[in-house]
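Trainee: Listed below, chain by chain, are the residues.
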Amino acid sequence: MGDNPEANPTDPNRRAFLRSLGSSAAAVAVAGCSTVTPSNADRQSGSRIEDTVSITLRINGKDRPLRVDPRTTLLDCIREVVALTGTKKGCDHGQCGACTVHVNGRRVNSCLSLALMHDGEEITTIEGLGAPEALHPMQAAFVACDAYQCGYCTSGQIMSAVALLKEPCDGSDAAVKELMSGNICRCGAYANIVCAIQKVRKSGSI
Amino acid sequence: MKTFEFIRAADLKGAIEGAARAKTAQQGADVRFVAGGTTLIDLMKLNVETPAHVIDINRLPLDKVETTPDGGLRIGATVRNSDLAHHPIVKQDYAVLSEALLSGASTQLRNMATTAGNLLQRTRCMYFRETAMPCNKRKPGSGCPAIAGSNRMLAILGASEHCIATNPSDMCVAMAALEATIHVQGPKGSRAIPIAGFHLLPGDTPQRETVLEPGDLITHVTLPAPISGSRQVYLKLRDRASYEFALASAAVVIKIAGGNVINARIALGGVGTKPWRSPAAEAVLLSQPATPANFRKAAEAALRDAKAQSENGFKIELAKRCLAHALQMAAKG
Chain A
1 MGDNPEANPT DPNRRAFLRS LGSSAAAVAV AGCSTVTPSN ADRQSGSRIE DTVSITLRIN
61 GKDRPLRVDP RTTLLDCIRE VVALTGTKKG CDHGQCGACT VHVNGRRVNS CLSLALMHDG
121 EEITTIEGLG APEALHPMQA AFVACDAYQC GYCTSGQIMS AVALLKEPCD GSDAAVKELM
181 SGNICRCGAY ANIVCAIQKV RKSGSI
Chain B
1 MKTFEFIRAA DLKGAIEGAA RAKTAQQGAD VRFVAGGTTL IDLMKLNVET PAHVIDINRL
61 PLDKVETTPD GGLRIGATVR NSDLAHHPIV KQDYAVLSEA LLSGASTQLR NMATTAGNLL
121 QRTRCMYFRE TAMPCNKRKP GSGCPAIAGS NRMLAILGAS EHCIATNPSD MCVAMAALEA
181 TIHVQGPKGS RAIPIAGFHL LPGDTPQRET VLEPGDLITH VTLPAPISGS RQVYLKLRDR
241 ASYEFALASA AVVIKIAGGN VINARIALGG VGTKPWRSPA AEAVLLSQPA TPANFRKAAE
301 AALRDAKAQS ENGFKIELAK RCLAHALQMA AKG
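Top to bottom, those sequences are chains A and B.
Numbering follows the numbering used here, with no gaps: position 120 of the first sequence is 120.
Numbering follows the numbering used here, with no gaps: position 31 of the second sequence is 31.
If you're looking for bench data, these hints aren't it; they were derived computationally from the structure.
Check each hint, because a few of them may be wrong.
[Unchecked claim] Between beta-carbon pairs, the in silico distance windows are:
hint: 1; chain 1: A; residue 1: Cys91; chain 2: B; residue 2: Glu300; range: 37 to 45 Å
hint: 2; chain 1: A; residue 1: Arg58; chain 2: B; residue 2: Ser150; range: 55 to 63 Å
hint: 3; chain 1: B; residue 1: Glu300; chain 2: A; residue 2: Asp146; range: 50 to 58 Å
hint: 4; chain 1: A; residue 1: Lys166; chain 2: B; residue 2: Gly197; range: 39 to 47 Å
hint: 5; chain 1: A; residue 1: Gly120; chain 2: B; residue 2: Lys2; range: 36 to 44 Å
hint: 6; chain 1: A; residue 1: Gly120; chain 2: B; residue 2: Asp305; range: 48 to 56 Å
hint: 7; chain 1: A; residue 1: Asp170; chain 2: B; residue 2: Asp239; range: 44 to 52 Å
[Claimed, not checked] Only pairs whose alpha carbons sit at most 25 Å apart, straight line, appear in this in silico SDA-like list of lysine to any residue:
hint: 8; chain 1: B; residue 1: Lys255; chain 2: B; residue 2: Arg321
hint: 9; chain 1: A; residue 1: Lys166; chain 2: B; residue 2: Lys255
hint: 10; chain 1: B; residue 1: Lys13; chain 2: A; residue 2: Lys166
hint: 11; chain 1: A; residue 1: Lys166; chain 2: B; residue 2: Ser242
hint: 12; chain 1: B; residue 1: Lys64; chain 2: B; residue 2: Arg8
Glycine included, C-beta positions come from ideal geometry on N, C-alpha and C.
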């Protein structure tokens, strides 16, 4: 499933292993991917259960017909169902920004939204920005400016940074810091993140 | 997260009928509307909210900002916080609202969060958010451990012996100062609720936070025509420079003529169990010279009834200085 070359099920690499673990663990822990079916306990709890529901998300320019449990967040859908793992789960409560993606061109926290709410909408993830051999200018600037350390928050930072350049902003470092405040970096690469964003802004490349 | 039925509302009538079967529209409602999801999905993950039915209202035609015939503004329920904050009329005529919105959360959250959702934003009290703990708001009668516990962020105005949870909204504070009206459609028709009467004090029913009943759907908010020549400021004080809830905030709409205050509307945030309009502070200022001494007197009046908990006594002086400073900023233009 997915464009990711690592998604080939015959290739027993680490990513594929983690994904299969994720899909089996999802039924008990992650609460929501295409393989989840409500348990008997759920069925007997008295609340009406809808099994999986069909939706189509347009992700990185490609229509993805999907079946999801209604509880599936957009984040879990992107990672566990579509197998695009560049988008990260940090806090899962809208406090860290690691899960930032674009919906219809605007940045959002994908952890606080249900996948079902986005049927028919255009989703862009970090995989949709550039490719290893052809980095997006913001990705290249993050590399050039050393704007990360562990890298876990980086895809969210870059998705925010790309969106920021199209938002109302006076272009000052202070304004950039304010508008990036929803993306936490526990390594503390903030100064270089601001440098990377300003480098792209000044180059006018996007 | 508990399982639920997801329903995409096709029209207002369907949404209202779907929600009218709920036993309550307050804490623990078995039917919930979802728009931005930034509060609801968060609380559903924590099992603080466990609706059996979730009605998506995002495709209803409630996303417009329009001027009204009387020179005011009509803001649709699902207008996103970022769109409202950057709307040219809001920036020009209701700057306090734009500033309040932009001081809240992050751009990502503001791109999701809606006008009606923010009116219903839930407290950040950690006992409310943690189901292993008692909480009178979440589980009536179970007790309020915040009173003898971790209460640094909690309310100094409007609290009761049952609940001291702070209302966390910035938008509502500005709307209180702007005298917004909340328009609701429900099973029995539509009604208009002044924001001052929309949120409830906790009293002995902290689980009831607003006057909304099952099936009530906020359709829009109206703002009266701007007071011409008024100056507006939203000042928010917090533990870090951005992306943090208020320890104290002040929304000020003030008109000064000939050195005297001729109109003043004041509301405080981060300190009350509801968005805290202060008629007492307004009365102190009215017809008096716009001086720092009078601003301080107004701040004293606004906090006269404040009651400190074990960890948040500092907020009383902080809120006074916040309001006095906001008035000073407004007076200087």
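Trainee: Compare the structure with each hint and give your call.
Mentor: Okay, the hints, checked on the actual structure:
1. The hinted range of 37 to 45 Å is satisfied by Cys91(A) and Glu300(B), whose Cβ atoms lie roughly 40 Å apart.
2. The supplied range of 55 to 63 Å is broken by Arg58(A) and Ser150(B), whose beta-carbon atoms lie about 45 Å from each other.
3. A beta carbon spacing of about 52 Å between Glu300(B) and Asp146(A) agrees with the range 50 to 58 Å that was offered as a hint.
4. Against the hinted window of 39 to 47 Å, the Cβ-Cβ separation of Lys166(A) and Gly197(B) comes to about 40 Å, which satisfies the hint.
5. A hinted range of 36 to 44 Å for the beta carbons of Gly120(A) and Lys2(B) is inconsistent with their spacing of about 27 Å.
6. For the pair Gly120(A) and Asp305(B), the beta carbons lie near 52 Å from each other, so the given range of 48 to 56 Å is met.
7. Against the hinted window of 44 to 52 Å, the Cβ-Cβ separation of Asp170(A) and Asp239(B) comes to about 25 Å, which falls outside the hint.
8. Only pairs whose Cα atoms come within 25 Å are accepted, and Lys255(B) paired with Arg321(B) is accepted, the gap being roughly 20 Å.
9. Simply put, Lys166(A) and Lys255(B) have alpha-carbon atoms about 36 Å apart, too far for the 25 Å limit, and the pair is violated.
10. Between Lys13(B) and Lys166(A), the direct Cα distance comes to roughly 37 Å. Violation of the 25 Å bound is thereby established for this hinted pair.
11. A C-alpha spacing of about 20 Å is found between Lys166(A) and Ser242(B), which places the hinted pair at or below 25 Å, so the restraint holds.
12. Between Lys64(B) and Arg8(B), the direct Cα distance comes to roughly 20 Å. Compliance with the 25 Å bound is thereby established for this hinted pair.
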